[in-house]
Amino acid sequence: MFLISSFNFNSLKYFLYLILFTQSIFVFGQNKNKPDILFVKYLIDNEKYNDAFYEMEKAEKQTLNDTILYLKGYCFYKKNESDSALFYWQMLQQKTQLNKSSLLLSSLLFLNEKDLLNARKTIDEYSKLSLSDNEILLQKLFEVGFCLAQQKYVRADSLISNFKYDNYYVSDEENELKMLCGRMKKNKQKSPFIAATLSTLIPGLGKIYAGKNGGGFGAGIICALLGAVAVESAIKAGVVSAPFFLSAGLFSAFYIGNIVGSYYSAKQKNNEKYREDYNYILRTLVVATERQFGSN
Amino acid sequence: MLPKGSSAQTNSIKFADSLFAVHKYYEASIEYQRNIFYANSVEEKAIATISAAKSSLFLNNFEDANKTMKGFLYANVSDSIAIEARIIHSTCAYLAKDFEQALSQFFQLEFLKTDTQKTTQNRFLKALILNELKRFTEAEIELKKWINNFNANTHFKDSLINWISEKYTKENLPRLKSIRKAILLASFLPGFGHFYCKAYKEGAVNMLLMLSAITFTGVAVYYTYYVAGVVVGYGLFNRFQKGAIHRMDFLVDKYNYEAIRPFNRAVKDKIIEIQQLKKPM
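Chains as they are written, first to last, in numbering that gives the first Met the number 0: chain A, 0 to 295; chain B, 0 to 280.
It is possible that some hints are incorrect.
[What the hints assert, rightly or not] The following label-pair restraints were derived from C-beta to C-beta distances:
| no. | chain 1 | residue 1 | chain 2 | residue 2 | range |
| --- | --- | --- | --- | --- | --- |
| 1 | B | F106 | A | L115 | 46 to 56 Å |
| 2 | B | L132 | A | Q96 | 28 to 38 Å |
| 3 | A | F216 | B | F106 | 44 to 54 Å |
| 4 | B | Q116 | A | Q96 | 55 to 65 Å |
| 5 | A | K57 | B | K200 | 49 to 59 Å |
[What the hints assert, rightly or not] Below, a list of computed lysine to any residue pairs in the SDA-like style, where the Cα atoms sit at most 20 Å apart:
| no. | chain 1 | residue 1 | chain 2 | residue 2 |
| --- | --- | --- | --- | --- |
| 6 | B | K66 | A | N45 |
| 7 | B | K66 | A | D44 |
| 8 | B | K144 | B | S11 |
| 9 | A | K77 | A | V286 |
| 10 | B | K69 | A | K57 |
| 11 | A | K235 | B | V220 |
| 12 | A | K40 | B | N39 |
| 13 | B | K44 | A | D35 |
| 14 | B | K143 | B | K169 |
| 15 | B | K69 | A | D44 |
| 16 | B | K117 | B | A81 |
| 17 | A | K40 | B | Y25 |
| 18 | A | K120 | A | Y277 |
| 19 | A | K235 | B | Y25 |
| 20 | A | K57 | B | E272 |
| 21 | B | K44 | A | E46 |
| 22 | B | K241 | A | G214 |
| 23 | A | K235 | B | Y222 |
| 24 | A | K184 | A | Y277 |
| 25 | A | K139 | A | I159 |
| 26 | A | K120 | A | V285 |
| 27 | B | K44 | B | F71 |
| 28 | B | K69 | A | Y41 |
| 29 | B | K143 | B | E272 |
| 30 | A | K78 | B | E62 |
| 31 | A | K40 | B | S11 |
| 32 | A | K272 | A | M183 |
| 33 | B | K117 | B | V220 |
| 34 | A | K40 | B | G70 |
Hint data in this document are derived by calculation from the structure and do not stem from the laboratory. Note that CB positions come from ideal geometry on N, CA and C, so glycine has one too.
Extracted from the complex, chain A is given alone in its bound form (with noise of 0.2 Å):
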């Protein structure tokens, strides 16, 4: 009886250590192989992108998980590496959260490249998800800011019309898009053609017209004082004469550099509100995004 308890008792004490030591196995394993998400986002936070990189990289090919993949493809958008975001998630499971939060980053990333046609596409897939009450009004606000992008002003004040103004995820944004609406409505394109007649009547006024006021009165100054020196030539020297071809020649340079200047400059003033429009757009768009989805 004594010999049979005594076996028992060693056969469960070696047993219990098999278990321990099984489990030890299976969960410094696991500590080993599994990146730690909390620390990847605080590493995001910090903007450590490579270190948060490094982190997840340590992870074995077999525990990555849509979170991974989600949070690579992030550092790849923190850091303006459209290419490599878009590697990252379209290897994201369809119809999950992370992969609406990846479409509409990745819509950012194409506007950001303003490749407007591949930005509304990837919001079209995002429409085509189940979407709740705040995703759908994210995708409003997309719409809205196409629109605008594409100067589509009509389509862009429909839109807006339907907003509520009322949910606090888009409320300032809608907001925004609605004055940037108005204002892009009231800025009127200088026309180049307009720039170029007006300083072949009055050197400089084409400049001024632009909006580019000292430069158009400097133009202007600067034409009429080597016109001057050409009429003192003429008068000194007579038509025909060095002097008269030198100066004449000089401020033919400058009146016609003049005109050529001021049809660029008409054009630079459109490309700048343009841009100074669009930049906006874009941070309106990413705020929004960002404060819905971001690394979390």
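With the hints as your guide, set chain B onto chain A.
Okay, now just chain B, sitting in the frame of chain A:
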């Protein structure tokens, strides 16, 4: 994930230290950052921050080290840790060429006054920072204070103090150019601002252009082409003069930077030499 306050947390610090010990600084820096994130107390966080900055220093990533130290929280940490943090921060800022920040950290270190020995031991760092800020008189005083604190024989200390006194004499100090003087010269004497900054070729070209413009004005006025003389001649002269004045900022900065480099290098080398000599003492 490491539970806060657990033994795993302590193990992680030990793990980071072990990585640091075998010169795996990048891995160590990540582990230290993990410790910062999971720290249970302000002290733990402070120690991990200092170690993370040290790892970045060893990786020659000075900007990152400086940035890490900027996030150091001084509230509720012991004086000894605060002193070490100030010294490390000052070093990181100095190496990241953020000299004002480096000096500010050193001033705050002196303000603590609780560990004057550690402050005095690191006075050479303050001298190096002051040298970079072109405050040579103060740097000389700091170096002498540093040497006077050595636990060495008088002969050794005297020889070092003599070296410093000689190095910081007016003749041996880098002769810096004054921006005001350069602008005055460029305004009134064509090309002389450039010559003052030892940009001889550029000065010669500038002088030639300005003299040509003024000659043109003279000739035009002589032949009664008053408008041409004033508009073309004086207009060009004015442009060249303004260009030269505008350029003085860059040329003076470039000259001064190049002038202080060998001086600061020599002082730095001497400090390293002294540190090596000090070791067996």
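Results for each hint:
no., hint, in the structure
1, B/F106 - A/L115: 46 to 56 Å, "holds, 54 Å"
2, B/L132 - A/Q96: 28 to 38 Å, "violated, 53 Å"
3, A/F216 - B/F106: 44 to 54 Å, "holds, 50 Å"
4, B/Q116 - A/Q96: 55 to 65 Å, "holds, 57 Å"
5, A/K57 - B/K200: 49 to 59 Å, "holds, 57 Å"
6, B/K66 - A/N45, "holds, 10 Å"
7, B/K66 - A/D44, "holds, 14 Å"
8, B/K144 - B/S11, "violated, 41 Å"
9, A/K77 - A/V286, "holds, 13 Å"
10, B/K69 - A/K57, "violated, 28 Å"
11, A/K235 - B/V220, "holds, 12 Å"
12, A/K40 - B/N39, "holds, 19 Å"
13, B/K44 - A/D35, "holds, 18 Å"
14, B/K143 - B/K169, "holds, 17 Å"
15, B/K69 - A/D44, "holds, 16 Å"
16, B/K117 - B/A81, "holds, 12 Å"
17, A/K40 - B/Y25, "holds, 19 Å"
18, A/K120 - A/Y277, "holds, 18 Å"
19, A/K235 - B/Y25, "violated, 79 Å"
20, A/K57 - B/E272, "violated, 42 Å"
21, B/K44 - A/E46, "holds, 19 Å"
22, B/K241 - A/G214, "holds, 18 Å"
23, A/K235 - B/Y222, "holds, 9 Å"
24, A/K184 - A/Y277, "holds, 14 Å"
25, A/K139 - A/I159, "holds, 9 Å"
26, A/K120 - A/V285, "holds, 18 Å"
27, B/K44 - B/F71, "holds, 8 Å"
28, B/K69 - A/Y41, "holds, 17 Å"
29, B/K143 - B/E272, "holds, 16 Å"
30, A/K78 - B/E62, "holds, 18 Å"
31, A/K40 - B/S11, "holds, 19 Å"
32, A/K272 - A/M183, "holds, 9 Å"
33, B/K117 - B/V220, "violated, 73 Å"
34, A/K40 - B/G70, "holds, 17 Å"
In this structure, the earlier hints numbered 2, 8, 10, 19, 20, 33 are contradicted, and the remaining ones agree with it.
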